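**Student:** Protein chains in written order, with my numbering: chain A, 1 to 345; chain B, 1001 to 1584; chain C, 2001 to 2330.
Worth flagging that the hints you see were computed from the coordinates, not collected in a lab. This one's a predicted model, so the numbers in the text were calculated from it and none came from an experiment. Each hint should be verified, as a subset may be incorrect.
[To be verified] Cross-link-like lysine-lysine pairs, in silico, BS3-like; alpha carbons within 30 Å at most:
no.: 1; chain 1: C; residue 1: Lys2175; chain 2: B; residue 2: Lys1314
no.: 2; chain 1: C; residue 1: Lys2239; chain 2: B; residue 2: Lys1306
no.: 3; chain 1: B; residue 1: Lys1200; chain 2: B; residue 2: Lys1108
no.: 4; chain 1: B; residue 1: Lys1161; chain 2: B; residue 2: Lys1383
no.: 5; chain 1: A; residue 1: Lys59; chain 2: C; residue 2: Lys2246
no.: 6; chain 1: A; residue 1: Lys130; chain 2: C; residue 2: Lys2239
no.: 7; chain 1: B; residue 1: Lys1451; chain 2: B; residue 2: Lys1383
no.: 8; chain 1: B; residue 1: Lys1314; chain 2: B; residue 2: Lys1351
no.: 9; chain 1: C; residue 1: Lys2175; chain 2: B; residue 2: Lys1248
[Stated by the list, open to error] Computed spacing ranges between beta-carbons, pair by pair:
no.: 10; chain 1: C; residue 1: Pro2111; chain 2: B; residue 2: Ser1104; range: 56 to 66 Å
no.: 11; chain 1: B; residue 1: Thr1309; chain 2: C; residue 2: Pro2178; range: 21 to 31 Å
no.: 12; chain 1: B; residue 1: Thr1050; chain 2: C; residue 2: Trp2174; range: 52 to 62 Å
no.: 13; chain 1: B; residue 1: Ser1458; chain 2: C; residue 2: Met2319; range: 53 to 63 Å
[Claimed, not checked] Derived, one-sided and incomplete: chain C residues facing chain B with beta-carbon distance under 7 Å:
no.: 14; residue: Ala2050
no.: 15; residue: Asn2051
no.: 16; residue: Ser2077
no.: 17; residue: Gly2081
no.: 18; residue: Ser2082
no.: 19; residue: Asn2099
no.: 20; residue: Leu2167
no.: 21; residue: Pro2281
no.: 22; residue: Val2323
Beta carbons are placed, not taken as given, at the ideal position from N, Cα and C, and that holds for glycine.
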Amino acid sequence: MAELLKISDLHVAFPTDDGLVRAVDGVSLTLNEGETVAIVGESGSGKTVSGLSVMGLHKKGAAQLSGSIVLKDGDRNIDIVTATDEEIRLLRGRAVAMIFQDPMSSLHPYYRVGNQLAEGYLVHNPGQKKEARQRAIEMLDLVGISEPAQRADEYPHQFSGGMRQRVMIAMALMNSPRILIADEPTTALDVTVQAQILILLASLQKEFNMGILLITHDLGVVAQVADRVSVMYGGRIVEQGSADDVFYKPKAPYTLGLLKSVPRISTHGSDRLKAIPGQPPSLINLPTGCAFAPRCEFASHAAGDICANDRPELLGTNPNHLSRCHVDEAVRDKLFVTELKEVRS
Amino acid sequence: MSNVSALRRAVVISAASALAISAVMVSGATSASAAVTPKTGGILTFLEHTPRLDHYDPSRIYTGRDLAFMNSFTTRTLVAYNPVPGAAGASLVPDLATNTGIPSNAAKTWKFTLRPGSTFEDGKKITCEDVQYGVSRVFATDVITDGPGYLQVWLDIPKDKDGNSVFKGPYKKDAAGLAAFHKAVSCSADHRTITFNLNKSVADFNYLGTYGVISPVQAKLDTGDKYDLKPQATGPYKIAENSKTQLKLVRNSKWNKASDPVRTPYPDEVIIMFGYDEEVIDQIILGDTIPTAVNFGEPLSTNNDKFFTNSTFKNRRMNNPDPYARYIAFNVKAMPCIEIRQAMYYSRNAKALLDYAGGTTYAGSFATGVISPLLATDYAPTKVVGPGSADFIPEGNIPKAKALMETAKTKCPADYKKATETGIKIDVRQSVALNDTIPIDTAAYARAGIKVVFNPISSGYYPTVMNPDKQSDLSASGWGADWANASTVIPELFATFGGFNLSQNSGDPAYKAFEDGVKQAMLTTDRAKQATMWKALDVEAMKNFWVLPTIFGKAQFVWGSQVAGVFFWVPQGNPAFGKMWVNN
Amino acid sequence: MLNFVSRRVFFAIVTLLVVSAVVFAIFSLLPFDPAALTCGQHCTDQIIAANRIKLGFDKPLYIQYFLFLGGIFLGRSYGTGSAAFSCPAPSFGYSYNENACVTDLLREALPVTVSLALGALIIWLIVGVSLGIIAARFKNKWPDRVGSVFVLLGTSLPTFVTGLALLIWVTIKWKLVPLSLIGYTPITENPYKFFQFFILPWITLAIAYAALYTRFTRAAVLETLGEDYIRTARAKGVKERTVLFKHTMRAVFAPIITLAGLDFAGLIGGAIITETIFNLPGLGRLTLRSTYEFDLPIVLSTTILAAAVVIIMNLVIDMLYAVLDPRVRI
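Using the sequences and the hints, build the whole thing.
**Tutor:** Here's what the structure looks like:
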């Protein structure tokens, strides 16, 4: 499996009047072809910022980037952090594409759907208007829109929510990109439609052999489609591993908290649903110690005030399953298994 | 001066007052014109603030400046003022007529004989019948509005039960009325001599002959109200364009010099450009942007110093007395207590207000009555008010005012209470200057314990204050004589039959005797004797404090570097427009 | 669509009737006798009474109003005997101050005001929208700051100050634009003189409006640039210039057109100050003067005309919106 994307020690900060917002603080991850990597976290955890960074969609000046985001474009490797605006622009939509959470607001209300699709093709294939139109209709057909030739001439408001997201997907795939960043692709949709979109994405992934970077807060979605998962909290990855490992053997207290808060049909009574107490940290004044420490029920298991004073590193006995926590890993394994059993019983 | 601009009055000075005039005259650019030969050609341009003149129809013009302008260029009248500098300018000279009018029957009958060879702009010969028709039009008071109303009063035409003339003008078919009119205004068989029969002696009737109300109009070209837009010219110029932006006069090819002893046309075209902002007009003259331009109005008072203290403009400016006497009329019915009226006069700060308006340099001098010094025959300081009177102090005579109020306290307690507690209400025309003058006035009257409130009227000032029901206790006003006889001042302002009586003085105990005096003076044909009577009546009116006289005004004129031949035309109170010429 | 238009036209007519009735009532109920204002100081009661009958002020108010309305369709006659004349349909009455049929006055004044408003509109749209785009594009950098100074000056300086300053400095002192002595020249007659005559009035009006449009465009562009569909365009690899001028401006266009339409309509009735300073014989000056003189037929007609323009402009904008915004269907 060829590596398509390698993010190493990515930092993204936004200077504001109140201080520097450290939205992404040392994130590293890789994405291979045919693979789905999920970034999971609450809003404000830095997952969307990471995704936009890969697209190079942060404004120079507005955002300070460091580290590297190396993208594979054919035989070349390009680092988004150091590339010029024009280099990045030529990658967008062609080597890497993105679909967004809200398909209504993400489509231009004043242009016909077919033209919006064709534009993505024309940008990278100047002058080929006929081909662009044909491609747009093909793609609409591919994402399951019936009578694509007619519907290409309609405006976004004439499509339903699920259909619009299909249009967005079709638009992203106009140039057969190798990497697709899907930022909360199903959040705004009905549950039944969500499943259809996920199935569609999976089938398209196979067809195009794409690597998908799935950004979501929805663990249910992650469980269905992700191969590997990175859990983010306060701009950092707190746990990283295969989807199975993260779901069944969580190692970070935050991941455990997330898993416990997923509502389940089998649970009886609201007492089983446990929200994580407290608020996510401010990204301007991150605690010196573990960012999760103030909300962590396991902090007492660590030595002294270490959770409050020192930042834990991303470590693990299994090199493919890493986590940040000062509590001894063996202790955590034991504690977490009991907690999980309780939830999943 | 804004209050005066609405007055539709011209002023004249009689030839008899030559010496007096030269004493009053302020130097202008008068001397240069005599030495240089006037040039012919070019375009003379007047810049005007208002969007048009009120009227062009000769029967409807009453504003002194507009009358002087139109009569200089387009409209010939029976007689005219001689357009020369100095006192000689006030003498009457024949215009359409061959003489200045021949009175008979104790000045109850006046005859004028027309000069041969005068024509309208369409070439038609001017006959007596044209003048007769022109005169008949002023009786159509619902169509021909705004002109002087003397003819309706003086012509010997029977009146109906309401006191109106039985003749209603030429537009209504009424043979009886027309016959009555033709008896009063008749033409000789040779169509050259017109005779006016008056219902009383009017010694100065021929001065009315300088107004367009006695001028020829062709019946078949009369369009009633619309004749105002383009009247037929009889002078050396005719109206080529009368639009929203300009009045353009061009040479009238049918006019011939031989028939017109008064006019000497110089420019090819005369144009009034309308609607320019006053500041813009001043800047145009200051910068000499249009060297052939004349400010048709006065410069803004804020620009006066720029023109009158800089020698660059020494041949391009004039600063003259204007024909108006300003005053504040007491509503005697509302303020019957003479002591309070006197106290207001004595407590007013005349100096502060004159200084505010521009001082003696630009604004004028303290008034001594309602007869202007420009009316030299009839003028004399009354010695009752203003300079020359015993108790006059420009800043106000407070001890005197206080003493008068003390008298009023016991003599007329109700009026005293009103003056000190409720407040006396003064009508004034709305203007930005009020922001400054009201505090000056309020403080001045307060020194004598008098409380005043002001009633600024933003629109229709005279129609409002002329209405006895709407007039407050005092109303600011101004008046200029129609010609060189106080017969157009004293009766107009103070008699109940006058046209501009703001005093409501008919109930005053002194009124009856005063009215008798007025009537007597009007019948007096001996001019010197009459003048003495007017002077006495001016004194009488002042003694009764029917008005509070304020200032005799001044007016400024400025023009561009290529305009020449400008001099002050005394009888019209304006430059002699027809004598201006353009260099280059 | 047809149903929409006919419905709107019907309401437009009703609105105009209401506006005209209200204006008519306001001026008729003012404590001034319009007949007394028609003659000078030697007015007798008989003259006033005669004028009242001549002008039709003796009739009940509703009859006067219907006579006015009737004149629009049938024309009206005035005066009696040999002084009689008529104003043919569409007649908005006769002004004794101007000695003219109001319709003729409107016919003369309207082209001037439309020329003024249209020229100014073009200038301020070009300048205001461009500056707004530049300010948004270079947000918080020097072009934006220069733009904000312009906005501050343009919105705070009254038209009579900028107009007078332009006239005095540009024309009179520097003599860059010749002072037009002949006044207004129709564009059909002499385009060069037409431009010469209108250039300063256009600039005067345009400065004030351009400032508003700079501010409006800047805000609208910045808001639109933050829209999701702009991010989508960028994600497609669309050039930044295309993002700004195509995707962003397409969305900003519709509200600007709306605003421009309403401002244009407003100017038809209300460019009074500019018309006064530059001596333009347009509707604003006509309205101002006739208001001062209580010239009811003119005030009534210009007010109704101004209202009609606003109503028609609203209708046009609504129909235009259906073309501009695919989401709007009528």
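**Student:** Hint by hint, where does the structure go against what was stated? Just the numbers, ascending.
**Tutor:** 2, 4, 12, 13, 16, 22
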